[in-house]
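Student: Take a look at the letters that make up each chain.
Protein chains: 2
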Amino acid sequence: MTLILNNQNVRDLLAIEDVIDVLEFAYQELAEGRGALRRRSDTIVKSDTAPDAIYALKSMDGIAPSLGVSAIRINSDIITHPKVGENIRRVKVPAAPGNRYTGLVLLFSTETGEPLAIFPDGEVQPMRVAGTSALATKYLAKKGARSVALIGTGWQAQAQLRAIGSVHEIADFRVYSTQKENRDGFAMEWSEKLGTQIRPCDSAEEAVAGADIVLLATNSLEHVAREDWLEPGMHISSIKSPEIGAEVIERCDVAVCHVPHGRPTQEFGAGAVLPDTIGADIDTLTKRIGLDDMPTLADIVSGKAPGRTDDSQITCFLNILGLGYQFAAVGSVLYKKAKDAGVGNAIPTDWLTQIEVP
Amino acid sequence: MTLILNNQNVRDLLAIEDVIDVLEFAYQELAEGRGALRRRSDTIVKSDTAPDAIYALKSMDGIAPSLGVSAIRINSDIITHPKVGENIRRVKVPAAPGNRYTGLVLLFSTETGEPLAIFPDGEVQPMRVAGTSALATKYLAKKGARSVALIGTGWQAQAQLRAIGSVHEIADFRVYSTQKENRDGFAMEWSEKLGTQIRPCDSAEEAVAGADIVLLATNSLEHVAREDWLEPGMHISSIKSPEIGAEVIERCDVAVCHVPHGRPTQEFGAGAVLPDTIGADIDTLTKRIGLDDMPTLADIVSGKAPGRTDDSQITCFLNILGLGYQFAAVGSVLYKKAKDAGVGNAIPTDWLTQIEVP
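The listed protein sequences correspond, in order, to chains A and B. Under my numbering, the residues of the first sequence are numbered 422 to 779, in order. Under my numbering, the residues of the second sequence are numbered 422 to 779, in order.
A couple of the hints might just be wrong.
Restricting the straight-line Cα-Cα distance to at most 27 Å, the calculated cross-link-like pairs of lysine-lysine (DSSO-like) are [to be verified]:
| id | chain 1 | residue 1 | chain 2 | residue 2 |
| --- | --- | --- | --- | --- |
| 1 | A | K760 | A | K559 |
| 2 | A | K467 | A | K513 |
| 3 | A | K467 | B | K725 |
| 4 | B | K467 | A | K725 |
No wet-lab data here; the hints were simulated from the structure. Keep in mind it's a predicted model, so treat the numbers as computed, not measured.
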């Protein structure tokens with residue numbers, strides 16, 4: 422049987438600790454050459470559903486043979502780019518029946534080739550991003566780190582908050598977002614959920630002052646981090662390329678990236694255009710900083726490159742591009758748990774395999 | 422509902438004429454820039470299932486907006502490379518439960534993003550290859566072509582035979598394969614199926630002598646076509662890169678390729694190696710002939726480049742690399758027919774979509 426899981430199954434089954442543990446194992450495998458992956462590709466055409474809309478079919482894949490799985494993550498998106506104030510926003514349209522989005526992960530067995538599971542990417546997505554950021558702090562934040570400044574209050578920020586506490590014993594949480602009501606609401610909600618005080622701050626500077634770990638998880642299209650935030654011993658991480666500019670990265674003693682390549686490969690049909698700003702900052706960063714030469718998280722986890730070597734260093738982690746490989750690793754745990762728990766909709770695997778040689 | 426179709430559904434629903442018609446429309450769209458596609462990528466690791474085995478996750482995609490669909494074709498294969506005589510063969514292992522293979526096409530709506538259908542690739546695969554070769558003969562074979570030489574007797578050859586008859590009125594069929602029992606058996610079986618005489622030949626030379634159309638559909642790892650086969654007015658096509666070497670292509674007055682790029686992109690894990698011969702001939706061809714500069718089938722179908730301009734020209738078509746775009750085009754017809762006929766296993770589309778923004 423092939424399991425079809427939904428986001429509620431993922432929430433019920435998958436703990437952030439599972440995600441961090443399996444990612445740590447998987448990056449080790451990757452560094453030692455046993456894994457393989459393909460960076461994301463975007464195939465894009467003009468969409469007639471709205472002015473300036475595009476339709477994009479995106480995919481990325483990875484194989485983690487020691488975990489016995491491969492995965493391909495596929496997004497089938499209608500995307501608009503409305504101008505909000507001075508900024509161009511990237512908005513996915515829930516155009517599927519019931520106002521839904523289409524993002525799928527297909528998990529395959531490397532032993533038999535068969536499809537083991539299919540699940541939506543929505544719940545795993547922030548968990549693998551936050552799990553990866555948290556894993557990086559294990560190697561890059563100073564020992565005994567106890568204070569965290571969280572910049573941003575969206576769903577990625579929430580996941581970052583849940584993840585960091587499973588790696589460090591944090592006694593001092595601060596949060597900042599540009600909207601006062603967002604940071605106050607977030608602090609109230611999550612103080613209760615985590616059973617610990619989260620302090621909303623009136624400025625980013627107030628939030629980051631003296632913080633051991635700064636987690637950026639914004640939706641900003643501009644640089645967020647500033648050079649004068651940096652203090653000896655600080656670790657700062659980003660989940661989106663414009664958040665930390667080259668100036669700040671160059672000030673760090675140790676800078677680590679998630680993936681040693683630039684933005685996804687892109688193929689366009691006629692008339693399909695993306696706003697210049699989307700992705701351009703990754704190109705700038707790649708050019709100026711040389712992501713190719715930067716150690717990756719896999720290098721750090723495996724010991725191929727040193728992480729933090731003393732408590733006064735300033736470290737940074739650029740978690741700005743995802744990997745299908747992460748979905749393979751996390752998918753292996755999810756699948757095992759779902760099978761053990763007997764949850765999910767099962768369909769005959771024969772429906773998805775064949776006797777014909779393809 | 423999302424339809425899960427099987428190969429029997431494909432055989433029941435899809436006629437080769439449907440395939441040729443929709444491909445003709447789709448190549449026109451592609452030439453006019455309304456389609457988009459991503460070439461095949463292979464992610465490959467060493468497999469522990471057998472010595473010299475690999476596990477490969479392959480995918481390619483395409484979007485045909487005027488047909489309202491996109492598709493990604495995914496293969497999850499265990500492949501061995503046994504030495505048979507002097508040659509290294511590439512053998513897919515049916516390792517999925519029930520000795521089955523895993524090759525899937527996911528068809529999405531470009532209007533809503535939702536998954537419309539999932540179907541195995543085994544039956545569509547030879548139809549889209551043969552449909553493409555047959556479509557090319559419409560533009561490249563001489564008018565009134567009536568004789569066909571088929572070289573090869575495998576499943577691809579069978580599909581080529583079925584397809585060519587729907588584009589030209591063929592009165593004279595010849596077949597050759599290196600094994601006498603294969604060509605005799607094939608001729609007997611298909612003479613009966615097509616209700617017309619197919620002549621088994623004792624040599625390739627005998628088969629191609631005076632033929633208007635030569636269809637190569639072999640499993641050969643070496644060149645098959647020879648310069649001295651070529652006669653004024655002949656059209657020759659190949660489905661596999663070693664079949665026609667550069668010397669033969671250079672002798673043709675009009676040479677057209679299916680896809681203007683070389684072999685798939687490849688990412689390897691440590692210890693995963695492919696025999697040198699696999700794919701090397703495409704590299705040689707790309708280098709020597711310059712596939713980039715050659716007109717594509719889309720160019721010919723749309724009139725951007727001339728096809729055959731007089732009856733004495735020798736033409737050739739290199740149908741040696743496939744496209745996910747073909748699966749999108751053919752999938753659009755298959756889906757519509759399946760829906761109209763009410764066949765296939767339907768699962769709720771909600772199982773494969775989500776309210777969470779991915």
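Student: Decide, hint by hint, whether the structure agrees.
Tutor: Hints and how they fare:
| no. | hint | in the structure |
| --- | --- | --- |
| 1 | A:K760 with A:K559 | violated, 30 Å |
| 2 | A:K467 with A:K513 | holds, 14 Å |
| 3 | A:K467 with B:K725 | holds, 22 Å |
| 4 | B:K467 with A:K725 | holds, 22 Å |
Consistency with the previously given hints fails for number 1 only.
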